[in-house]
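I would like the entire structure built from these sequences, with the hints used as guidance.
As a plain string of letters, each chain reads:
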Amino acid sequence: MKLHLIATALLFTATMAIASPEVGKPAPAFTLTDSNGKSHSLSDFKGKFVVLEWVNLGCPFVKKFYDSGEMQKLQAAHTGKDVVWLSICSSAEGKQGHHTPAELQAKLESIGYKGTGYLIDADGTVGKAYEARTTPEMFVINPEGVLIYKGAIDDKPSTDSADIAAARNFVAAALGEATSGQAVTTAETKSYGCSVKY
Amino acid sequence: MFRSWLTILAVTIIICGTPHASVAQVLDGKTLVKAELISSARAIAPGETFYIGLKLTMEPGWHTYWEYPGDAGIPTKIKWDLPPGFGAGPIEWPIPKAKLEPGDIEVYGYSGEVVLLIAIQPSADLAPGTEVTLRAAASWLVCEEICIPGSAKVEITLPVAATASASEFAKTIADWQTRVPSAEPPPFDVAWSESEGLLTAQIPASTEIQDVRFFPLPGDNQSVGHPIVTKSPDGAYSVKVKSGAPLRGVIAAKVNGEERSWLVVAQSGAAEMAETSSDASPGLIEALPPLWQALLFGFLGGIILNLMPCVLPVISLKIFGFIRQAGDDPRQILLHGVAFSSGIFFWFLGLGAVIVALKASGTEVTWAFQFQNPMFILVIAAVVFVFALNLCGVFELTLPGKAVGTMSDLSGKEGFSGSFFQGVFATLLATPCTGPFLGTALGFAFSQPGGVVMAMFGSIALGMASPYLLLSARPGWMKFLPKPGAWMEKLKQFMAFPLFATLLWLLSILGGQKGIDGILWTSAFLLSLGLAVWIYGAFCGPLSSVRTRIVAVLCALGVAVGGGWFFIGSGFLAATASAQSAAESKDAIRWQPFSQALVDELLAAGKPVFIDFTADWCITCKFNERTAINTPAVRALIEELGVVPVKADWTNSNPEITAALKAFGRVGVPFYVIYPAGRANEPITLPEILTESIVIEALKKSR
Numbered sequence: 023m024k025l026h027l028i029a030t031a032l033l034f035t036a037t038m039a040i041a042s043p044e045v046g047k048p049a050p051a052f053t054l055t056d057s058n059g060k061s062h063s064l065s066d067f068k069g070k071f072v073v074l075e076w077v078n079l080g081c082p083f084v085k086k087f088y089d090s091g092e093m094q095k096l097q098a099a100h101t102g103k104d105v106v107w108l109s110i111c112s113s114a115e116g117k118q119g120h121h122t123p124a125e126l127q128a129k130l131e132s133i134g135y136k137g138t139g140y141l142i143d144a145d146g147t148v149g150k151a152y153e154a155r156t157t158p159e160m161f162v163i164n165p166e167g168v169l170i171y172k173g174a175i176d177d178k179p180s181t182d183s184a185d186i187a188a189a190r191n192f193v194a195a196a197l198g199e200a201t202s203g204q205a206v207t208t209a210e211t212k213s214y215g216c217s218v219k220y
Numbered sequence: 005m006f007r008s009w010l011t012i013l014a015v016t017i018i019i020c021g022t023p024h025a026s027v028a029q030v031l032d033g034k035t036l037v038k039a040e041l042i043s044s045a046r047a048i049a050p051g052e053t054f055y056i057g058l059k060l061t062m063e064p065g066w067h068t069y070w071e072y073p074g075d076a077g078i079p080t081k082i083k084w085d086l087p088p089g090f091g092a093g094p095i096e097w098p099i100p101k102a103k104l105e106p107g108d109i110e111v112y113g114y115s116g117e118v119v120l121l122i123a124i125q126p127s128a129d130l131a132p133g134t135e136v137t138l139r140a141a142a143s144w145l146v147c148e149e150i151c152i153p154g155s156a157k158v159e160i161t162l163p164v165a166a167t168a169s170a171s172e173f174a175k176t177i178a179d180w181q182t183r184v185p186s187a188e189p190p191p192f193d194v195a196w197s198e199s200e201g202l203l204t205a206q207i208p209a210s211t212e213i214q215d216v217r218f219f220p221l222p223g224d225n226q227s228v229g230h231p232i233v234t235k236s237p238d239g240a241y242s243v244k245v246k247s248g249a250p251l252r253g254v255i256a257a258k259v260n261g262e263e264r265s266w267l268v269v270a271q272s273g274a275a276e277m278a279e280t281s282s283d284a285s286p287g288l289i290e291a292l293p294p295l296w297q298a299l300l301f302g303f304l305g306g307i308i309l310n311l312m313p314c315v316l317p318v319i320s321l322k323i324f325g326f327i328r329q330a331g332d333d334p335r336q337i338l339l340h341g342v343a344f345s346s347g348i349f350f351w352f353l354g355l356g357a358v359i360v361a362l363k364a365s366g367t368e369v370t371w372a373f374q375f376q377n378p379m380f381i382l383v384i385a386a387v388v389f390v391f392a393l394n395l396c397g398v399f400e401l402t403l404p405g406k407a408v409g410t411m412s413d414l415s416g417k418e419g420f421s422g423s424f425f426q427g428v429f430a431t432l433l434a435t436p437c438t439g440p441f442l443g444t445a446l447g448f449a450f451s452q453p454g455g456v457v458m459a460m461f462g463s464i465a466l467g468m469a470s471p472y473l474l475l476s477a478r479p480g481w482m483k484f485l486p487k488p489g490a491w492m493e494k495l496k497q498f499m500a501f502p503l504f505a506t507l508l509w510l511l512s513i514l515g516g517q518k519g520i521d522g523i524l525w526t527s528a529f530l531l532s533l534g535l536a537v538w539i540y541g542a543f544c545g546p547l548s549s550v551r552t553r554i555v556a557v558l559c560a561l562g563v564a565v566g567g568g569w570f571f572i573g574s575g576f577l578a579a580t581a582s583a584q585s586a587a588e589s590k591d592a593i594r595w596q597p598f599s600q601a602l603v604d605e606l607l608a609a610g611k612p613v614f615i616d617f618t619a620d621w622c623i624t625c626k627f628n629e630r631t632a633i634n635t636p637a638v639r640a641l642i643e644e645l646g647v648v649p650v651k652a653d654w655t656n657s658n659p660e661i662t663a664a665l666k667a668f669g670r671v672g673v674p675f676y677v678i679y680p681a682g683r684a685n686e687p688i689t690l691p692e693i694l695t696e697s698i699v700i701e702a703l704k705k706s707r
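Chains as they are written, first to last, in my numbering: chain E, 23 to 220; chain Y, 5 to 707.
I should point out that these hints are in silico values taken from the structure, not numbers from a laboratory. Treat the hints with care, since some could be wrong.
What the hints assert, rightly or not - Sample of chain Y residues at the chain E side, in silico, Cβ under 10 angstroms:
(1) E105
(2) P106
(3) D224
Said to hold, decoys possible - With a straight-line Cα cutoff of 30 angstroms, these simulated BS3-like cross-link-like pairs (lysine-lysine) come out:
(4) E/K117 to Y/K34
(5) Y/K235 to E/K150
(6) E/K178 to Y/K235
(7) Y/K83 to E/K212
(8) Y/K611 to Y/K666
(9) Y/K611 to E/K212
(10) Y/K103 to E/K178
(11) Y/K704 to E/K212
(12) E/K212 to Y/K103
(13) E/K178 to Y/K611
(14) Y/K666 to E/K178
(15) E/K85 to Y/K101
(16) E/K117 to Y/K101
(17) Y/K244 to E/K150
(18) E/K178 to Y/K705
(19) E/K212 to Y/K244
(20) E/K178 to E/K103
(21) E/K129 to Y/K34
(22) E/K85 to Y/K157
(23) E/K178 to Y/K38
(24) E/K178 to Y/K59
(25) Y/K83 to E/K178
(26) E/K178 to Y/K704
Stated by the list, open to error - Now the stretches of chain E that chain Y is said to cover, found in silico as 3 or more residues with beta-carbon under 8 angstroms:
(27) 46-54
(28) 69-83
Note that CB positions come from ideal geometry on N, CA and C, so glycine has one too.
Written out as structure tokens, the structure is:
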């Protein structure tokens, strides 16, 4: 059993090392534990669209979306349409955004989190595999497990929630196009935000 | 809990209410960022541009961001609230520092202190004795481990005076200006190449160039990796950056220990550029004359060069030389003629070789480029002046092995080498005088490969040399020349006057480059040179004792070197270029000066119009013009589509241009607008930062 675990871990690390996230290519596989202690693997969601949202609840660019309730709205709208929404926090222990599962449960409850799961990636393995550099930074994966969007959440790089209304949300646009069988017009953008606190 | 609540309160209350000269962003009692406006001018003058700096002082360990923040962060922004008639340029960003964070995250920003610079163009209608207040809302992101957005309303009040005066911050602002990348090309070779999404630049080894860095300025959503700069053991640098071409960026380096930086466009070298331009501009190539015609024009141009005003004094010198040689035998005269012609060929072929070399290195060179260099003109002016004083009889050069100054003596005493140098000198002064024929021939030459360029320059040299070859080959015609005598001294003195006239012409070029100050400092230097040669002439005659001579030579040298040190070193070099830069007058795009009446008329006629709102003090404008507008492909497209190029030059205050900018909701330059043919109500506005492809795309839409 132990041997099996190590072998999986090694295989897993090896996959990580060669996989660089590229639009049009299979998204790197991962397994992470959420704030409720539940384990999620990307492979569990084959057959569904998956959104990955890099998060750090202390970052002003992230707060822009959570304090205004816009992120929760976006999560609710898509999880309601059978899209899987995974928030991933790669903040290292002791750095901004890192919380214990207990703290997180209270926090997510109070902000009215509407995603599928809030995953903890304290050693940054998955963040580095996806080359996530900012919070927020968004990835959209199609039912075949292929990355179809990566980059910014929208086209207004600011910390001001007043900018959200006039912004073009790239994630909503990509999901809208992909779920109706169209090609994604804007498949790659430069993300903006705080650096991920690895 | 209470503590974090306090923190939130402290961060949230970023001093609202009345604006201050200096505003602080405070967290946990620490001043993260202090923001204030500083002005280069204590008092401003109506219509006279000055600089405002947004000075951000950061808590140790915290940083704000550059124009391109890197993998994370956002740049500082400034929103102006200016009095009527005022305009503000874009932020001029000093070069940042790169910072690598865990997880391979690279950001570009400033720690400690930074002054972001903005050129301010005051209204021309200001009344001296009044005061103006400039208000700005600045916003930034400041990060350490964590990031906190900050903002501040800052303002500065300045008195208006008839003449502007410098403030105590003028030096601070000037210091920061030296860290803003120049729009000029770097003074060293940067050879870019591209292969499989990796851009590589090679910078040859030089003891003067150290600590090379590269900061990318990618376009919207242009993906760019982290630049890697390596130094080879021989001192050459290579810059590697993962990105598609073209990529804008900044090359920074320490040149002789001083921090310098330049805006560049990374793309594969000259070969690719030439390919694009010839593909995109078949019309231009077809419009040029065939080779034989161009060579003929070159030849005729060369002959005409002899008649140009800037050659006249040299022609008179040559006549003088021929008079001296009339006593020699015919064969000698022919050999002198050939030596003189060799000098002409030497100069032109040398110039041709330099141009071929510069073409190969990818630098755009225009005819008479050497006369665009003020130091070159200064040296020529000094030589001409000293030579004129020599002709006047202020001093006699009796030392052997002297320079160009005693051409007539050289030609007589040192034989053919003298004639050779006369040829070189004559041609040196003739270069900027390009006649209409020569212009066409050269226009052709610059679009041609190296061999053809050399042929062109050869034919010009032949044209210029032909009268002398002819005269020296038919020495019989020399019998018409007057016999030598005492009148020669008078003639020699008279010859000084055409030289002084040439000096006036050289000073007028300097005035175009360096303004009235440039002329003044040059004249002051010439004055000291004049005094120096007078001391030499008066006390170094053959009758003076050796001691007197040594003292006189030392005095003369002291005066000349001291004059050069003081007048040129501190005055001339600091003199600012005039409004019309030399490069601009060589603009191949036939810009029409902006007036609303002209634009209205063109639009009513259904013409496509391209308006370039620009100013000399706007580095971004100059950079765009150099790299994205005044390029062969854009020029050809403007011609092909019949687009009327209009330049709204906002260097000096112009209410009409200000109003036109305002109509588009702009307060500053750069700004670009294209009116498509027949659709004057659908203007296309271009971004502030241009690439050649953006301009070409927009122009194509104007059809």
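Given the hinted pair E/K129 and Y/K34, is their alpha-carbon gap at most 30 angstroms?
holds (27 angstroms)
Given hint E/K178 paired with Y/K666 - CA-CA distance at most 30 angstroms
holds (24 angstroms)
Take the C-alpha atoms of E/K212 and Y/K244, compute the straight-line distance between them, and say whether it is at most 30 angstroms.
holds (20 angstroms)
Is the Cα-Cα distance between E/K178 and Y/K704 30 angstroms or less?
holds (29 angstroms)
Satisfaction of hint between Y/K611 and E/K178, Cα-Cα up to 30 angstroms:
violated (36 angstroms)
Regarding the pair Y/K103 and E/K178, is the alpha-carbon distance no greater than 30 angstroms?
holds (24 angstroms)
Is the straight-line distance between the alpha-carbon of Y/K235 and that of E/K150 30 angstroms or less?
holds (29 angstroms)
Would the pair Y/K611 and E/K212 pass a check requiring their Cα atoms to be no farther apart than 30 angstroms?
It is violated: about 39 angstroms lies between the C-alpha atoms, which goes past 30 angstroms.
Just to be careful, I want the Cα atoms of E/K178 and E/K103 compared with a cutoff of 30 angstroms; is the pair within it?
holds (26 angstroms)
Taking 30 angstroms as the top limit, are the C-alpha atoms of Y/K83 and E/K212 close enough?
The given pair, whose Cα atoms are some 24 angstroms apart, holds under the 30 angstroms limit.
Going straight from one Cα to the other, do E/K117 and Y/K101 come out at no more than 30 angstroms?
holds (24 angstroms)
Please work out if E/K85 and Y/K157 have their alpha carbons no farther apart than 30 angstroms.
holds (23 angstroms)
Going through the hint list in order, the structure does not satisfy hints 6, 9, 13 and 27.
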